[in-house]
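*Asks:* Chain residues, written in single-letter form:
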Amino acid sequence: MFTVLKARLKQGYRTGKFPPAPPNLPEKFQGRPALAASQCRQGCRACLEVCPSAAIVPSEGRPARIDTGRCLFCGECAAVCPGEAIRFDPAEYRLSAFSRQGLLDPQQDSVPPAALQKLCRRSLSIRQVSAGGCAACELDFNVLNTLAWDLSRFGISVTASPRHADCLLITGPVSRNMLIGLQKTYAAMPRPKWVIACGACAISGGIYRDSSECCGGMEEIIKPDLYIPGCPPHPASILDGLLRLLGRDRDAGPAPLPPKS
Amino acid sequence: MTATTLTINNATAAPLQEVPSLPVNDFRDTLQELVQQQEHRVSAFFGLPASPAGRGLELVAVLSHPEAGKCELVRTAVQDSFPSLTPDCPAFHWFERELAEQYCLEIPGHPWLKPIRFQPPLPGACSRKTATAPNLTVGDTNYFTLAGEACHEVAVGPVHAGVIEPGHFRFQCLGEDVYSLEISLGYQHRGLEKMLPGGPDRRTLPLIATASGDSSIASTTAYAQLCESLDPGLQPESGALLLRGIAAELERLANHVGDLGALAGDVAFLTTAAFCGRLRGEFLNMTAEICGNRFGRNLVCPGGVNMTFTPAQAGKILAWLQRVLPEVENALELMFESATVLDRFEGTGTVSKAAALELGLVGPAARACGVALDLRHSHPYGCYKVSAPALAAGTSGDVLARAWLRRQEIAASAAWLQKQLAGWQKENCRHRGTPRLAPGMIAVSMVEAWRGEMCHVAVTAADGTFRRYKIVDPSFHNWFGLAMAMRGEQISHFPICNKSFNLSYCGHDL
Ligand code: SF4
Ligand code: SF4
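Those protein sequences? They're chains A and B, same order as listed.
If you read the first sequence in the working numbering, its first letter stands for residue 1, the second for the next number, and so on.
If you read the second sequence in the working numbering, its first letter stands for residue 1001, the second for the next number, and so on.
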């Protein structure tokens, strides 16, 4: 017992100050991407050709914007861009949206469901289901439960039983073999219930969007109420998304600035 | 064996034509001889269709010797049936089940030929059979059952209680004791192997990186080495190789520390569980400091690495490591000094050395049973040709041995890392290039992922694209080890047995 207490003193209090203080992000963090189409060279399609997940949306055959719901944040597009038209903001981890459209254009995003904010503002139970996830999304969601992030201080908990869940958080492109398990879990949840798509896979199929064994994410199965981009999303992006879903923007810290393009 | 197999080194390629193609009976004799008499491991055993249209199938075997540092390659052409090797060599059992499923091959004599992933047949499967291939429903199979008064069955999953990937477990119990555990997977099957032929293309690297997303560095290193062996133009500089090694050891540290914490959590020793939960993140953040991503995505690429690493960064990570390591040591010491923890771990979930060898277990699970198996030492690749973290060893094969072995590996990797970081003197170069692979070749690349041997095999077509890309994840070998560990064990010991292996579902299901 004594050694345990001694160790506790030695290890100290380690819960991060985020939020509302900004999170510690690595120097090379690839945050929100922005494509300044005005800076593209005439006829250049380099980024379109290199993007592994078709995340660069063309308009009239030219790169126009980046769909963060598909983006893997691999940086290949910026690396091949002959100019400097594509940039990743290393400080912008606040990537979530409440509609699929909001991932293409944050200014056209919708608002979080009012009923959820009314019922679950101070207490949200999440059932997580992995449906073809590669374990990275799962691990970086799970990490919020460690003392470094201490999710429960916000009243958010992870529950084993779908009967106790307000929210279903999906990771993975929804493998065909997991479709029934996922639908049964959703069916077992009491109403009202909400859905979160965590990671590029769950939003759009991610790198598995063309796979014949996957369903291309949640969009066609159960429409999510919150979309958290990333491959995998940084834990700070996930926590930020959850708090904004609950309408606790004050806890979450300052709102993201609209991207410059 | 010179006449019956082709011998190559790890991470090299050879013309497919040079791999001896034996009649089925000789092929079987050769494999049996190598595995039973000469202590070879089955590193890969897979189908290679002649063409996607499906006329003729070849079977290719890659065997490796735990000491000789070589790989033996041999192949055979089959019609639609291959007599099972499993009754004589159990190490083939899972591979043969995979073959039956992927290529509709009949495998007479196999003791339990059930699907392992419930996946539809791959292109090029034995055509006559594909037409009659059953429409599989995942998890719908003839499970083993036990009948009698004291027997009962416990079914768990696919959706588990925690935040974890899905899989199905069936326990046949006599009272509290598990008579047998059957593990039925496939829920995570994403069709990965089907998406790789025709590459390498822009999707290949991210696909490989997510084969098992907690082993991205290992997977992408295996893939990069394959490309490098097939394209003489891609020769990574030593700095790039070393950076791959540094990232691989950080990956090992993160996972070992995390798993030991989770083991502590499963026996309600919450102090270590809480500390390790945070400490695992420190190693992920170090990886992110190198490449921007906590799982090392975007770091390794064919030809080298995608990031530069400066002496200043090396110094920063070294200092960080030196701050964190005593905290790790402190957290682990608490756990390994606690009588209640040791009591739960000791003698629980034992796998014998004989079983580990027979089944072909890999990585810490094998080393904990006294099987000295570590590719960084036996088949050195990349920077491990120069130096590698010390080989860890165990004997008792129980949960305690697996946990203790992980602790040893944490110390070994930490010592090695500190040495490499302290010696990092010059900024490495970033490499970007598109692999141009030699046609008609077969290449084998094996790496020691944190779970053990990971083997990638590529066969290139006449146009230099992948004709077949085979991934054998360490979990492919080890899931059955977990089933063995549970035999005769109390069912309440399942969580710690499971955590002591912590196998990958998606790495298995692909
Ligand atoms: S960073 Fe996103 S948009 Fe750019 S190439 Fe990668 S996946 Fe495509
Ligand atoms: S989004 Fe990326 S990290 Fe998440 S499950 Fe998919 S591949 Fe893995």
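If you are wondering where the hints come from, they were derived from the structure by calculation, not from laboratory data.
Quick caveat, the model's predicted, so the values are computed rather than measured.
Errors might be hidden in some of the hints.
With a straight-line Cα cutoff of 25 Å, these simulated PhoX-like cross-link-like pairs (lysine-lysine) come out [said to hold, decoys possible]:
(1) B:K1353 / B:K1070
(2) A:K28 / B:K1316
(3) B:K1316 / A:K10
(4) A:K193 / A:K223
(5) B:K1426 / A:K28
(6) A:K223 / A:K184
(7) B:K1385 / B:K1070
(8) B:K1194 / B:K1316
(9) A:K193 / A:K118
(10) B:K1353 / A:K17
(11) B:K1385 / B:K1353
(12) B:K1194 / B:K1353
*Asks:* Are the hints correct? Go through all of them and say.
*Replies:* A quick look at each hint next to the structure:
Taken as a hint, the K1353 of chain B and K1070 of chain B pair is honoured in the structure, with Cα atoms around 23 Å apart against an allowance of 25 Å. Between K28 of chain A and K1316 of chain B the alpha-carbon distance is near 14 Å, which keeps this suggested pair within the 25 Å criterion. Taken as a hint, the K1316 of chain B and K10 of chain A pair is honoured in the structure, with Cα atoms around 22 Å apart against an allowance of 25 Å. A C-alpha spacing of about 12 Å is found between K193 of chain A and K223 of chain A, which places the hinted pair at or below 25 Å, so the restraint holds.
Of the pairs offered as hints, the one joining K1426 of chain B and K28 of chain A holds, with about 19 Å between alpha carbons and a cut-off of 25 Å not exceeded. Between K223 of chain A and K184 of chain A the CA atoms are separated by roughly 16 Å; this keeps the pair inside 25 Å, and the hint holds. Taking the CA atoms of K1385 of chain B and K1070 of chain B, the gap is about 14 Å. The hint holds against a cut of 25 Å. Of the supplied pair hints, the one linking K1194 of chain B and K1316 of chain B is violated, its CA atoms being roughly 42 Å apart against a limit of 25 Å.
Our distance criterion of 25 Å between C-alpha atoms is met by K193 of chain A and K118 of chain A, whose separation comes to about 13 Å. Of the pairs offered as hints, the one joining K1353 of chain B and K17 of chain A is violated, with about 48 Å between alpha carbons and a cut-off of 25 Å exceeded. Distance hint between K1385 of chain B and K1353 of chain B is unfulfilled; the C-alpha atoms sit about 28 Å from each other, more than 25 Å. Taken as a hint, the K1194 of chain B and K1353 of chain B pair is broken in the structure, with Cα atoms around 36 Å apart against an allowance of 25 Å.
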